[in-house]
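Trainee: Residues per chain, in single letters:
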Amino acid sequence: MQANLRVRRWDPDGDRTVRYDEFTVDLHENAMVLDALLDIRENQDETLSVRCSCRSSICGSCAMKVNGASTLACNTKLKDVTPNGTTVTIEPMGNMPVLKDLVVDLEVFWNKIHAVKPWLQPEGPDPVREYIVADEHMMNLINTVQCILCGACVSDCTVMEVDPSFLGPAALAKGYRFAADPRDGHKQERLETYAQPGGMWDCTHCYQCVQVCPKGVAPMEWILQLRHEAEAAGLTNTNGVRHSQSLAESVKESGWLDEAKLAMDSYGALGDKMKLVPIGVRSLLKGKMPKTGPFHHKRPGADHVERIFEELEGKHS
Amino acid sequence: MVFEHDVLIIGAGLAGLRAGIEAKRKGVDVAIITKVYPVRSHTNAAQGGINASLDEGDSWESHAYDTVKGSDYLGDQDAIEILAQEAPSDIIELEHMGVIFNRDEEGRLGTRAFGGASHARTYFVADITGQALLHVGYEQSLKHQVKTYSEFFATSLIMEDGACKGCVGIEMRTGEMHVFKAKAVIMASGGVGRAFEPSTNALICTGDGMALAYRVGAPLMDMEMVQYHPTTLPSNGALLTEGARGEGAYLTNSLGERFMTKYAPNMIELASRDVVSRSEQTEINEGRGINGCVMLDCRHLGAELIHTKLRQIWELARDFSGVDLVTEPCPIRPGMHYIMGGIKAGIHGETYVPGLYAIGETSCISIHGGNRLGANSLLELVVFGRRAGGHAAEYARSQKHASGGENLMDADAKKIKALLDKAQGGEMVGKLRLELGQEMNTHVAVYRDDAGLKQAVAKVKELKQRYRNVGLQNKGSVFNTNLLAALELENMLDVAEVITQSALYRTESRGAQFRTDYPERDDANWLKHTLAYKTDGDPRLEALPVTITKWQPQKRTY
Amino acid sequence: MKYAFYPGCVAKGGAPELYDSTLLVTQALGIELEELTGASCTGAGVLSERNPELADTLNARTFAMAEKLGLPLMNVCSTCHGVMSQANARLKQDPEYLARVNKHLAPEGLEYKGTTEIKHLLWVLMEDVGPDKLRAMVKQPLGDLKAAPFYGCYIVRPSWVLGYDEKPQRKHYLEDLIEVLGAEPVEYKGATQCCGFPILTMNRTNSLTMTGNHVSEATAKGADCMVTPCPLCHLNLDGGQVEAAGVVREHLDLPVLHLPQMVGIAFGIDHEKLGLHKNFVDTKPLREKITGRLS
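Residue numbers (this note's numbering), protein chains in the order written: chain A, 1 to 317; chain B, 1 to 558; chain C, 1 to 295.
The shape of chain A in the complex, shown without the other chains (with noise of 0.2 Å):
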């Protein structure tokens, strides 16, 4: 099958403007996004610069944006990137410095793993054999373990495009694999870090890492897991935690959100609470009128959903 390829060049020693230049390939039905690289770096171009190693999934070096979205490059096939003809575009991933051509600069990278403090930290003297712990604690870190810290949710992270001092998925992901081993004996410390500006507060769920992780990690749940974790562990000093609990109160005693009320709670100091106010006043001043009055109340059945709450409450798995 013949596909046309647009590659983003960028060259230091050259004359440091970007361009795409355009390639066509010839391969077999079964071709990944990476052969035609390859085909293009040994048979038409050498000067093309990308990284690569496995060819099968498992190194994670050839991360790069595929019609904009991260993925890796040796296990995206061709021809699903190019329907009907079109061409495919590939760029090197977002959120960290082009060296050259599809290599960037992972240092911002590996500076977030390192961190979270990403080797395991038992505490007392190790057992004479294997730690004992039974499978079904292990289950969680198997898939967290899965990553082979390629970058492509770094890239595509939203947060981490308006703010650099974002942990990021991968690192958190990767902490809480250690703060979730029963053999760390650093839990506290870790959830704390991990919760600080920056941290496991900051991610805004937007699932673009559970979309382009290409071994189905979804760092994101194991932030939303670490959260979790952070306030079982009592550190609920934050507005994430007010956030969370006072929504899940708004719930169970109505049915429903009270948006102002959950507004007003998510804030714990008082300087922030009043930002509200001239919010609540512009509200007013609109004319929005909730549907059911100016008072919220209870919706029909609020009491089955109140009952079920306390059935499942302190339930989590």
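Treat each hint with caution, since some may be false.
[To be verified] Once the Cα atoms are required to be at most 20 Å apart in a straight line, the calculated SDA-like pairs of lysine to any residue come out as: (1) LYS555/B with ILE268/B; (2) LYS431/B with HIS401/B; (3) LYS143/B with TRP119/A; (4) LYS415/B with HIS401/B; (5) LYS12/C with GLU249/A; (6) LYS221/C with GLU111/C; (7) LYS189/C with GLU179/C; (8) LYS252/A with LYS289/C; (9) LYS79/A with LYS221/C; (10) LYS291/A with LYS12/C; (11) LYS189/C with VAL66/A; (12) LYS273/C with GLN140/C.
Hints were generated in silico from the structure; no laboratory data involved.
We have chain A already, so just place chains B and C on it with the hints.
Mentor: Same frame as chain A, now just chains B and C:
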């Protein structure tokens, strides 16, 4: 720039990382230089597991015997005994370091069966054991603050007074060359799979360390012993773990027969890899294959097992062959996978060159002899990585640095400049490499003979000649992968020359080497290793007797 | 066409104009809605973080209500839609889990059998009503109006619970609808990105930077307005625009319409009834541009 360290490790796969951690623990100044970030190393691709006789019903003697037999009696038994004896404590240490091994109902480490093993002793993490161990090795290197120069390519070893004193390298990011001075060097740079096409190996497996060591006088041993893994995907050579057969998968031919019952009545699909690969090739050659493949059938294992313990290979079969292992058998065929041969090293990783050590796939001690058992490779990395790291640290204490500074990079700088200056229009790197790979996969594969091997020898000579006409299109300094590929090709050509000549030299069939012109094993003449030394002409080949301790060679059947 | 109508929380609370315009548009199309007044909040993803089974149970209750009426379920919020689609997928693929969840619904006389189909108003319009009928309903041509679509994360990701494999056209329904109504969709990166609403209370700066960036990008690409199927996004994009402008240090003045408001304008429905005066960023200039006068 000139960097100085006590111990320098080239390669950050699990062997290099483990060596680095050990040397650091011994209190010396250690650094690792690696051409890719550590977690990109090819250790990642190992799927099935890591062996140890931890189980109460097992014994190190049993593990050692299985390894000796698996090696077709070419493995050095003193080294194999060490591997088997030290394995249990190394596995426990890995678990303490944080590896999330599979566990049984009691919460203890669980095992699976593996090829050539008389007792289930393979510890595993789903089917990503290599990745899991590599990542823990990386984590521990961070914990111990082992300095790592990532994306630096070693171009040659520095020698002074007959001892190895460091290396010269290119920083990929900038194209700058640097001198790394060290009192001891550990070569941990992996295999040479890219000299074969196809191969299960990553693009980075280009035999660099073997070539560098060979050029400073370290002999390469048993290089003819190249393992073809029985279950690789036809499209891109990707590996489907032996663990699938360990969990009970079958191999079938075009008649639907479990043909391994003919070739290995006892172990059937779990015979040693060379036996299985040869059996598959025979079935294919005799017309009972389908499109040059046989079938791996996992259907009876059930969806749940496949999606948990064999999840990665399920994804590989789906992505690269369009096959759902839960509902269909998957076409597979033998593919080049591993080289048992390598830089000759002793039980502490010492080579014949003072100050130079070798560990992991790049070395040949020999643990694996003529054929490696699955799950012994990952084990070799930790056991001998640890031993070499510790030994090199002690050795380094008594050594001095080489004299000289930046001038030590002059020869390499000149060579690279010449390569970059050469006009294009002659040969292209990618094309030469492909020709090499195809030649090796034709005449130096599962079945070999004199005529074919001689053809391969001639082809390699021809390619080496044509290499002189390589002109690079990429003349830049930042991330010049064109230059890197050219240097890697030069390394592969040297190593391929040794492989082909060693295969010709050994006039017998043993382990992975099967010669149709010498189909029998010949213990009387060939219970020996082949040693290849670099000369100005062809490699000089010598033989070295195998070390036997407990197990006299016997007929090898499965 | 008849649907069980799930308005969510914000349409009944802080964005009554969404509720009103939804009713007007569906009435005009002859779509009957039966509102599930007793259905609870979906949990907005926050509740499933705290207690996944609890959140799934509350959503199962809603699905069971629709199922009991024998009607497909229509919502008007990307977040509700995403949360419900995920919950529905979990409930449908695990019969044991569904049975466990149903135990909590039984005292209310409800049981979810797993058959409820969940559709956002956007999908109802594009799939059930269809572009031809919509085109025929357009009484107020939108001229050369350029509208920037803003989907909202939860109606876009994760793609596998939203039926994108079976119906890839869902990925561009907003652009298609804009064209069907006679306007021009603006192409810009922010269309499927995040507005930042979920972190408004955790990191206000980041939240409003995201909003500001997307509004700014849409404006730079020539948009006359934004249109969104998510009232939570609307709260940030519209309600937060003034503050966002300060955070990103740009002048921002881009009206943001709820999806049914834009449809209603095209259908020629009275602007005050559509609640267009309730949007924070003034829609008057936009409406004047479209109609030549205020209606």
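Trainee: Let me make sure I understand: some of the numbered hints might not hold for this structure. Which ones are they, in numerical order?
Mentor: Violated hints: 2, 4, 6, 8, 9; rest satisfied.
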